[in-house]
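**Q** Residues per chain are reported as follows:
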Amino acid sequence: EAQVTQNPRYLITVTGKKLTVTCSQNMNHEYMSWYRQDPGLGLRQIYYSMNVEVTDKGDVPEGYKVSRKEKRNFPLILESPSPNQTSLYFCASSFAGHGGANVLTFGAGSRLTVL
Amino acid sequence: EDQVTQSPEALRLQEGESSSLNCSYTVSGLRGLFWYRQDPGKGPEFLFTLYSAGEEKEKERLKATLTKKESFLHITAPKPEDSATYLCAVSGAGSYQLTFGKGTKLSVIP
Chain A
-8 EAQVTQNPRY
2 LITVTGKKLT
12 VTCSQNMNHE
22 YMSWYRQDPG
32 LGLRQIYYSM
42 NVEVTDKGDV
52 PEGYKVSRKE
62 KRNFPLILES
72 PSPNQTSLYF
82 CASSFAGHGG
92 ANVLTFGAGS
102 RLTVL
Chain B
314 EDQVTQSPEA
324 LRLQEGESSS
334 LNCSYTVSGL
344 RGLFWYRQDP
354 GKGPEFLFTL
364 YSAGEEKEKE
374 RLKATLTKKE
384 SFLHITAPKP
394 EDSATYLCAV
404 SGAGSYQLTF
414 GKGTKLSVIP
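Protein chains in written order, with the numbering used here: chain A, -8 to 106; chain B, 314 to 423.
Simulated from the structure, these hints should not be mistaken for laboratory data.
Please note that the accuracy of each hint is not assured.
What the hints assert, rightly or not - The list that follows gives simulated cross-link-like pairs (lysine-lysine, DSBU-like), each with its CA atoms no further than 35 Å apart:
| # | chain 1 | residue 1 | chain 2 | residue 2 |
| --- | --- | --- | --- | --- |
| 1 | A | 9 | B | 355 |
| 2 | A | 62 | B | 355 |
| 3 | B | 372 | A | 9 |
| 4 | A | 60 | B | 415 |
| 5 | B | 392 | A | 56 |
| 6 | A | 62 | B | 370 |
| 7 | A | 48 | B | 382 |
| 8 | A | 48 | B | 392 |
| 9 | B | 415 | A | 62 |
| 10 | B | 415 | A | 9 |
| 11 | A | 56 | B | 376 |
| 12 | B | 381 | B | 418 |
| 13 | B | 376 | A | 48 |
| 14 | B | 370 | A | 8 |
| 15 | A | 60 | A | 8 |
| 16 | B | 418 | A | 48 |
| 17 | A | 8 | B | 355 |
| 18 | B | 370 | A | 48 |
| 19 | B | 392 | B | 372 |
| 20 | A | 56 | B | 418 |
| 21 | A | 62 | B | 372 |
Given the sequences, and given the hints that come with them, work out the whole structure.
**A** The structure is reproduced here in structure tokens:
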């Protein structure tokens, strides 16, 4: 089954404790992206990657890091989480047709709470 | 900067009561306009892509249309299972980003 898999789905952590949210896709997509979704703010892009070793900032990159060492994986790293990073996170992927983002397939989401 | 505004924020319909959701956008060179459906606690699911003004797409009770400034998602004779948040997004020329609106939460009452 074609899918984007995120882990963990739920996480409660404390301020300053480094964490990684993994994302893996099995569709051979070039483009991958991370979004956060907050009430009243909608979906906002954190980082995206056009292909292996190519990443770029989205609209809200502060406090996050990403890497793209393999085509299928795009982990999101919070080096020192803070309470304002409490949110619902989505990973998404697509083919990089038309020179940019195409139809995105989203993961099921990772709900993160930072105390 | 690309911008997407969706209205209304929330909409309650009786089962069978047709209506439309609006998505107004500003973008430098529209590459594509996307509609997604999102159920509570789940990731958005793709519905339609529209590329140029005048284009229309249909799927079951949903029909999406596009003009140069806005898109409409028409819902004909909705059922309770159509209840969800509907998201609109645009991709502009020269950008690899997808800009999303805040969504319209649709509730269809039996």
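**Q** Evaluate each hint against the coordinates.
**A** Now the hints, each set against the structure:
1. 9(A) to 355(B): Given pair residue 9(A), residue 355(B) holds - Cα atoms ~25 Å apart, limit 35 Å.
2. 62(A) to 355(B): holds, 24 Å
3. 372(B) to 9(A): violated, 44 Å
4. 60(A) to 415(B): holds, 32 Å
5. 392(B) to 56(A): violated, 42 Å
6. 62(A) to 370(B): holds, 32 Å
7. 48(A) to 382(B): Within the cut-off at roughly 27 Å; holds.
8. 48(A) to 392(B): violated, 40 Å
9. 415(B) to 62(A): Distance ~30 Å between residue 415(B) and residue 62(A) Cα, so the pair holds.
10. 415(B) to 9(A): holds, 30 Å
11. 56(A) to 376(B): violated, 39 Å
12. 381(B) to 418(B): Holds. Residue 381(B) to residue 418(B) sits at ~24 Å (cutoff 35 Å).
13. 376(B) to 48(A): Judged against 35 Å, a Cα distance of about 34 Å means the pair holds.
14. 370(B) to 8(A): Between residue 370(B) and residue 8(A) the Cα gap is close to 47 Å, so the pair fails against 35 Å, i.e. violated.
15. 60(A) to 8(A): holds, 24 Å
16. 418(B) to 48(A): holds, 29 Å
17. 8(A) to 355(B): Status holds; Cα separation ~26 Å.
18. 370(B) to 48(A): Holds, at about 32 Å.
19. 392(B) to 372(B): holds, 14 Å
20. 56(A) to 418(B): Given pair residue 56(A), residue 418(B) holds - Cα atoms ~32 Å apart, limit 35 Å.
21. 62(A) to 372(B): holds, 32 Å
Violation of the numbered hints given earlier is confined to hints 3, 5, 8, 11 and 14; the remaining hints are satisfied by the structure.
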